[in-house]
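Novice: Sequence:
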Amino acid sequence: EAAMKNYPEDWRGYNNAGAMKFMAGDVKGAQELFNQAFVKQANPETNFNLGLVELANGNDATAEEYFGRAAGVGDKLNEAMAVLYVKQGKYKDAAGIIGNVKSNNAGIVYIMNGDLNTAQSTLTAIENPDAMTHYILAIVGARANDKDLLIANLKKAVEMDKDLAKFALTDLEFYSYLADADFLAIAK
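With the first letter of the sequence shown counted as 1, position 67 gets the number 156 in the numbering used here; the numbers rise by one all the way through.
A hint or two may mislead.
Restricting the straight-line Cα-Cα distance to at most 20 Å, the calculated cross-link-like pairs of lysine to aspartate or glutamate (EDC-like) are [to be verified]:
1) 176 - 154
2) 236 - 260
3) 165 - 182
4) 277 - 262
5) 244 - 204
Because the hints were derived from the structure by calculation, they are not lab data.
Fair warning: this is a prediction, and the values are worked out from it, not measured in the lab.
Could you put together the complete structure from these sequences and hints?
Specialist: Below, the structure written as structure tokens:
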């Protein structure tokens, strides 16, 4: 915010402050700052960020328009487009654009395409896995009928985020494990 105060005509301060708000979950506040940045200078980075806001708000067509004007922002554009394609049920298109991105979103793209081996290798290559990374790996384990993979990763996920235990009990991905003692020991 100091950058906005010291350089009020520079779009980057508004864009960066918007990015911080977006990462903190304040989508509306982020959108206001991104719009201010856009007024100062239309550019690929701000278009990309406005696309993320629209994607978060469920405005897929508008998100796609913004993403179309965001060429040059790197792999994050491909990842965002892949998320959009997954939302639209275009799983093969998502896999075709995701490239070598190592992220939770990329893992989901490969799961939705039935490529569990690539999903697992993508997720295990994430440099700093979070609770959701391990939860998604547990889903890979469930779909691959690999109980060891499921249990090890669900345990890590719940250790990192206790709310995931309750969620796992209602997640249809784990339906066939609802009577399994090892699964229940983690999820209850």
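Novice: For every hint, state whether the structure bears it out.
Specialist: Each hint tested on the structure:
With a C-alpha separation of about 16 Å, the suggested pairing of residue 176 with residue 154 holds against the 20 Å cut-off. Pair hint residue 236 plus residue 260 holds up; C-alpha atoms about 16 Å apart against a cutoff of 20 Å. Among the hinted pairs, residue 165 with residue 182 is consistent with the structure: their alpha-carbon atoms are about 16 Å apart, no more than 20 Å. Distance hint between residue 277 and residue 262 is fulfilled; the C-alpha atoms sit about 16 Å from each other, no more than 20 Å.
For the hint linking residue 244 to residue 204, the alpha-carbon distance of about 23 Å lies beyond 20 Å, and the restraint is violated.
Consistency with the previously given hints fails for number 5 only.
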